[in-house]
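**Q** Given chain G's structure and the hints, the job is docking chain U onto it.
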Amino acid sequence: MTQAERVKQVYAVSLIVGVGWAGLLWLTPHLLAAGHYLSATALYQSFALVCHQRPERSFHWHGFPLAVCARCTGVYVGIAVGLLLYPFVRDLREREFPARHWLVVAALPMLLDVVGQGIGWWQNTAIARSLTGLVLGVGVAFFLLPGMMTLFGWRGARARA
Amino acid sequence: MSEPVSGLDYKKPALIGGALVGVLSCIPLVEALNTCLCLWAWVGGGLAAKMLIDSSPTPLTSREGARVGLFAGLLGGGFHFVIKFVLSIFQMDKILAMAASFPFANDDARAMYERIQQNGLLKALMAFLFSFLGSLLLLGFTVLGGMVGVALFEKRKGQAPPPPYPPNYPSNYPPNYPPQGGDSGGGQGGWPSA
Chain G
1 MTQAERVKQV YAVSLIVGVG WAGLLWLTPH LLAAGHYLSA TALYQSFALV CHQRPERSFH
61 WHGFPLAVCA RCTGVYVGIA VGLLLYPFVR DLREREFPAR HWLVVAALPM LLDVVGQGIG
121 WWQNTAIARS LTGLVLGVGV AFFLLPGMMT LFGWRGARAR A
Chain U
1 MSEPVSGLDY KKPALIGGAL VGVLSCIPLV EALNTCLCLW AWVGGGLAAK MLIDSSPTPL
61 TSREGARVGL FAGLLGGGFH FVIKFVLSIF QMDKILAMAA SFPFANDDAR AMYERIQQNG
121 LLKALMAFLF SFLGSLLLLG FTVLGGMVGV ALFEKRKGQA PPPPYPPNYP SNYPPNYPPQ
181 GGDSGGGQGG WPSA
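Residue numbers (our numbering), protein chains in the order written: chain G, 1 to 161; chain U, 1 to 194.
This is chain U alone, in the form it adopts within the complex:
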């Protein structure tokens, strides 16, 4: 199996994957697709892995997949946390009222929910807990999405990179390459096509 690759640019894949995870997980209705096992996190992590694979000259390992998933998850999860934390503070009354209306909520639970509704600090704490734990889930699934993305999209398993030219190779070698018209790679230098 190839060894981990160094010198990869994680920025663009992480940014795009993270944006997909964070933004789509905050848009009403669209975020509902996360109920399918955190779908946007898997998609974001997988997309980041695919972009990294496309930009890498050598096969990637799941280490790079997990790393790009981690970066994307931190970006997306961070964005999600900020948005959801703010929204949760404003919606906490509604969330607690909904929890109190569940058939399994008994009198003690309703009393506790009422205490939280009357205490601003407790409301903020609950909002922090909900958004933090949710963002942590997004982060975890994005990392997994990155790893599984490498498993799915990396087709270059076991291929070694082409060896470097030996030292003192003349710059105009091989002669008559690239060929002028005719078939390409016609036996003079270059690598055989896959």
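Just chain G, with the same shape it has in the complex:
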């Protein structure tokens, strides 16, 4: 396998995992709607570790809430979107992380949204929460993929493109 093929393989796997993870959020209510209560409950309970899952703050699918809230949905979808956009913005072979201030920039809208809501400046909506989460998720993807390339995409100092 050439280095270029390896890099594409790592990207493809990362993309499948990212999109698949986002897909799990919609699969969970779909399983519940289809009557697969055991698997749906197991998935809901697993995601309960990483999200409050309040139905009033979550999007719904087939009449049931997604596995996580609107903000978390935005983050995970953002990671998938970021992975899709990555090859158009950066070279897949790039192993250097972007400048770290970009991660702060990506997190700023969400921080402002949370703080603003907390101190009563505004009442945020599901769309605002998910969009700010989406921005953070896209930013995170641009840090994750170089990491994946360093981990799996290169072998040895003499690896060639």
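By construction, these hints were calculated from the structure, which means they are not laboratory data. Only a predicted model underlies this, so the values are computations on that prediction, with no experimental measurement involved. A virtual CB, placed ideally from N, CA and C, is assigned to each residue, including glycine. Hints may contain errors.
As the list claims (entries may be wrong) - From the derived model, a few chain G residues whose C-beta atoms are all more than 12 Å from chain U: (1) Arg71; (2) Leu84; (3) Leu112; (4) Val114; (5) Asn124.
What the hints assert, rightly or not - Just so you have them, the derived chain U footprint on chain G, three or more residues with Cβ under 8 Å: (6) 14 to 20; (7) 45 to 55.
Unchecked claim - Some, not all, of what chain G presents toward chain U, calculated at C-beta under 7 Å: (8) Tyr37; (9) Thr41; (10) Pro87; (11) Phe97; (12) Arg100; (13) Phe143.
**A** Chain U in isolation, oriented as in the chain G frame:
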């Protein structure tokens, strides 16, 4: 970019990072912060990466960050799994009753939850599933925390380590070093300060 570093001691960073992830993810109320995208996992992985960076003489890559995150995640996730598995078995009735009380739970779902409550093996299986999947999530996010930790805390990008002294270097070279009083590194040997 620097090549992966060998000879690193992962034990202490993994132990401390893993302890943070595992213990804080099991303490009631404190564990609620995990609802912020598994915060303790990111913090534990990042802390492990920071400790590894501080103990490494050369810049680290995300490979080392992911590795220390993996070790920390295995420790923390393992601890979390054991505690949560035991707790879930005892709390399964309460968890299922809560699931049955959700507005979207229909009669079939409630019947299934009741069947599980009456069957000890099914309860244990559900407890295993919940705690295993949750611990897997903790592990995954801790690995990511380790990688992102390197991105955030490793400031020594692109710096090569100082070259070794040539062979047959006399041990008392350079003469009059370190300087006695006066400015340090005054042009005689040593590396320029950053």
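**Q** Could you run down the list of hints and mark each one as holding or not?
**A** These are the hints, each one checked on the structure:
1. Arg71: 9 Å, violated
2. Leu84: For Leu84(G), whose nearest Cβ neighbour in chain U is about 19 Å away, the distance exceeds 12 Å, so it holds.
3. Leu112: The claim holds: Leu112(G) sits with its nearest Cβ about 16 Å from chain U, beyond 12 Å.
4. Val114: Non-interface label on Val114(G) violated, nearest chain U Cβ at 9 Å vs cutoff 12 Å.
5. Asn124: 15 Å, holds
6. 14 to 20: violated (count 0)
7. 45 to 55: Held - the segment 45 to 55 of chain G has 9 residues with a Cβ nearer than 8 Å to chain U, which meets the minimum of three.
8. Tyr37: Holds, about 5 Å.
9. Thr41: This interface hint holds because 6 Å falls under the 7 Å limit.
10. Pro87: For Pro87(G), the interface hint is violated, since the closest Cβ of chain U sits about 19 Å away, which is over 7 Å.
11. Phe97: It holds, given that the least Cβ distance between Phe97(G) and chain U is near 4 Å, below 7 Å.
12. Arg100: 5 Å, holds
13. Phe143: 5 Å, holds
Hint compliance for this structure: hints 1, 4, 6, 10 are not met, and every other hint is.
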